[in-house]
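Visitor: If you want the building blocks of each chain, they are given just below.
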Amino acid sequence: MTHPHARTRRAAFAATAVAGALAVTLTGCGGTTKDDSSGDANAKTSDAKADPDAPLKEGLKVAFLPKQINNPYSKIVNKAGIEAAEEYKGTGKEVGPSDAKASSQVSYINTLIQQRQDAILIAANDPKAVCGPLKQAMKQDIKVVAYDSDTSKDCRQMFINQASSEEIGRSQIQHVAKQMDYKGELAILSATQNATNQNTWIEYMKKELKKPEYKDMKLVDTRYGNDDDQKSFQEAQGLLKSHPKLKAIVSPTTVGIAAAARYVSSSSYKGKVIVNGLGTPNQMRKYIKDGTVEQFSLWNPEELGYLGSYAAAALASGQITGAEGEKFKAGKLGEYEIGKDGEVILGPPTVFDKKNIDDFDF
Amino acid sequence: MITTPRKTRQGEEAPPGPGTPGRSARALAEALLRAREFSIGGALVLLILVTWITNPSFLDSQGTQDLLLNSSILLLLAVGQAVVVLTRNIDLSVGSVVGLSAFACGSFVSGSDHSAATMVLLGIALGALCGLVSGALVSFGRVPALVVTLGMLYVIQGIGYYWADGGQISAANVPDPILELGSGNVLGVPYLPLIAVAVLVATAYYLRTYRSGRELYAIGSNPEAARLAGIPIRRRVLGAYLFSGAVAGLAGALWLARFGTVVADPANGWELTVVSAVVVGGVAITGGVGSVWGAALGATLLTTIGSVLVVLKVNSFWQQAITGVLLLAAITTDRIVHTRTTSALRKRSRK
Chain X
39 MTHPHARTRR AAFAATAVAG ALAVTLTGCG GTTKDDSSGD ANAKTSDAKA DPDAPLKEGL
99 KVAFLPKQIN NPYSKIVNKA GIEAAEEYKG TGKEVGPSDA KASSQVSYIN TLIQQRQDAI
159 LIAANDPKAV CGPLKQAMKQ DIKVVAYDSD TSKDCRQMFI NQASSEEIGR SQIQHVAKQM
219 DYKGELAILS ATQNATNQNT WIEYMKKELK KPEYKDMKLV DTRYGNDDDQ KSFQEAQGLL
279 KSHPKLKAIV SPTTVGIAAA ARYVSSSSYK GKVIVNGLGT PNQMRKYIKD GTVEQFSLWN
339 PEELGYLGSY AAAALASGQI TGAEGEKFKA GKLGEYEIGK DGEVILGPPT VFDKKNIDDF
399 DF
Chain G
385 MITTPRKTRQ GEEAPPGPGT PGRSARALAE ALLRAREFSI GGALVLLILV TWITNPSFLD
445 SQGTQDLLLN SSILLLLAVG QAVVVLTRNI DLSVGSVVGL SAFACGSFVS GSDHSAATMV
505 LLGIALGALC GLVSGALVSF GRVPALVVTL GMLYVIQGIG YYWADGGQIS AANVPDPILE
565 LGSGNVLGVP YLPLIAVAVL VATAYYLRTY RSGRELYAIG SNPEAARLAG IPIRRRVLGA
625 YLFSGAVAGL AGALWLARFG TVVADPANGW ELTVVSAVVV GGVAITGGVG SVWGAALGAT
685 LLTTIGSVLV VLKVNSFWQQ AITGVLLLAA ITTDRIVHTR TTSALRKRSR K
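Chains as they are written, first to last, in this note's numbering: chain X, 39 to 400; chain G, 385 to 735.
Source of the hints: derived by calculation from the structure; they are not laboratory data.
This list has only true hints and no planted wrong ones.
Capping the alpha-carbon separation at 25 Å, the derived lysine-lysine pairs in BS3-like fashion look like this: (1) X:Lys310 / G:Lys697; (2) G:Lys697 / X:Lys244; (3) X:Lys127 / X:Lys370; (4) X:Lys253 / G:Lys697; (5) X:Lys221 / G:Lys697; (6) X:Lys245 / G:Lys697; (7) X:Lys308 / X:Lys221; (8) X:Lys308 / G:Lys697; (9) X:Lys285 / X:Lys244.
Could you build the full structure based on these sequences and the hints that come with them?
Guide: If you want it as structure tokens, here you go:
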């Protein structure tokens with residue numbers, strides 16, 4: 039789970055999926071035989087060495103395979119990635135299933151192998167289910183970069199992480215602490231009680247709060263709005279009722295922060311309670327403009343796609359191999375260093391406020 | 385035979401013949417069934433009082449407004465659902481209809497200056513259309529309501545997903561007069577509960593006074609007898625679905641006004657909450673018994689429990705468990721009251 043909110047999206051049009059599967063079978067029939075391509079691919083991978091000075095190759099073919107097409111978040115990520123490909127004179131495209139099921143990406147990977155892409159970027163629906171075909175791709179010298187949601191470590195060369203969980207968690211407290219002047223009560227409005235990413239962030243928020251500079255701040259409650267509008271509303275109301283001295287609500291989920299902001303904006307608490315957390319600019323624009331919310335944050339999905347695209351190009355051009363410590367240039371974002379297990383972290387989340395919110399549309 | 389007490393309770397227009405035990409039987413049945421509404425109402429009052437004593441700010445002006453606003457949408461949906469359940473049918477598609485209507489209204493008003501009234505009419509029309517399709521399939525197609533409306537749930541949801549294409553309606557694009565409908569008030573009473581109560585009162589009046597309203601009870605009590613009595617069952621059932629759909633459509637429009645931000649399926653899963661509210665409110669799932677007042681009380685009780693648990697700092701996990709227990713308790717009491725009344729009435733008739 040990497041999207042800030044986790045509403046299940048059921049498959050709407052199975053027909054598309056069936057059509058997609060058919061297409062795969064057809065291309066599968068006309069494709070080359072496995073043996074001749076994997077033979078020389080093995081030879082290539084074995085002597086692959088990073089040449090940091092190698093220029094980015096022109097005409098690279100890069101494919102983006104999101105968890106699910108039709109998702110506004112993935113669209114922004116991949117559009118930015120495709121635009122980045124144009125910058126380095128390659129071609130990018132987005133393909134993917136209409137549902138986020140574990141196995142639905144497999145047939146797409148097979149097709150991409152047949153099409154002999156130079157690199158595949160994948161946001162894995164399931165870390166293991168996509169492993170077989172991805173390994174097949176790597177054998178054939180197709181570079182594999184996971185972004186947004188990782189695969190198992192041995193099934194890809196690199197993983198572009200939107201922001202580390204620790205960074206997200208700690209920065210939430212750092213931001214709200216400044217707004218609260220480092221004193222007073224705060225509460226968390228989360229999604230569901232067992233959402234892994236939410237709980238990891240909350241863990242880090244609590245760790246950050248233990249630092250001495252926050253000694254006058256107190257986390258009084260953590261409530262769960264289940265990413266449901268009405269429930270989040272009620273939880274926000276309850277927080278304010280049961281903690282009359284509450285100074286801030288931090289909601290690390292897009293549904294929660296929008297609900298809290300809407301409630302506060304239409305109640306007598308407007309201007310008295312701080313709302314902060316993770317949200318999207320389109321959702322929060324109204325509340326930033328009417329002054330209910332001063333700031334909120336989220337990683338920039340455009341930069342995520344952009345960085346992924348450049349990482350794939352650097353791999354395909356032989357600048358890097360995905361080993362720890364290697365460095366590569368990601369266009370306008372500057373230089374990035376590969377961390378442990380081939381992981382690259384995009385950077386701290388972007389903070390949105392009155393000044394910059396109109397520069398974003400997602 | 386079994387349905388006699390139920391019908392006599394509701395059948396005000398049928399005067400009991402001289403010397404029959406009708407009057408006392410009716411009084412007994414009525415008392416028992418009214419007891420249901422009173423007990424839910426009592427539970428609700430008690431719940432609010434206890435919370436108020438524990439936390440006096442629970443009933444300050446903001447708190448009261450919140451309570452009223454929270455229950456409005458569920459109350460509306462429960463009224464619509466009750467009318468369908470009375471005819472021994474069910475409408476599981478309401479959650480999707482609310483979602484589609486909210487999203488459609490959102491797209492319609494986004495960045496425009498359409499008035500709240502136009503938007504509400506659009507929502508009602510769209511909901512009525514959905515209700516018409518479900519109703520036609522149930523009444524004329526003779527397909528079980530459970531299957532039809534479950535199918536409609538997915539169809540409408542699918543349309544919503546396809547249309548929304550992962551997008552959402554942002555509060556920033558919704559015109560202020562529409563958001564004002566969701567948050568504003570007249571003399572301290574917010575608009576939403578006023579609308580909900582207006583629909584409730586009108587429906588209750590219709591069900592009690594109009595011939596076609598009475599016929600809905602007759603259909604639910606005993607479809608075969610209703611048919612023999614010359615009641616146009618199909619038309620009435622179609623009407624019930626049309627109403628439920630229209631109310632869900634209205635609820636969708638109000639959803640947008642209240643929450644501002646809307647995704648493709650905001651009320652995903654609400655159908656079951658609505659059915660729970662109706663059953664807790666004393667409307668028998670087997671049809672023919674209950675009132676929209678009860679359903680409305682059931683809806684208010686369920687949402688109030690949600691608010692109270694938060695204020696009392698109880699883990700929200702309990703909310704679902706409590707709803708479940710209430711549901712089981714409601715069905716059990718129904719069963720017991722039903723068996724007791726039937727046997728009591730039989731004894732009296734024998735005398």
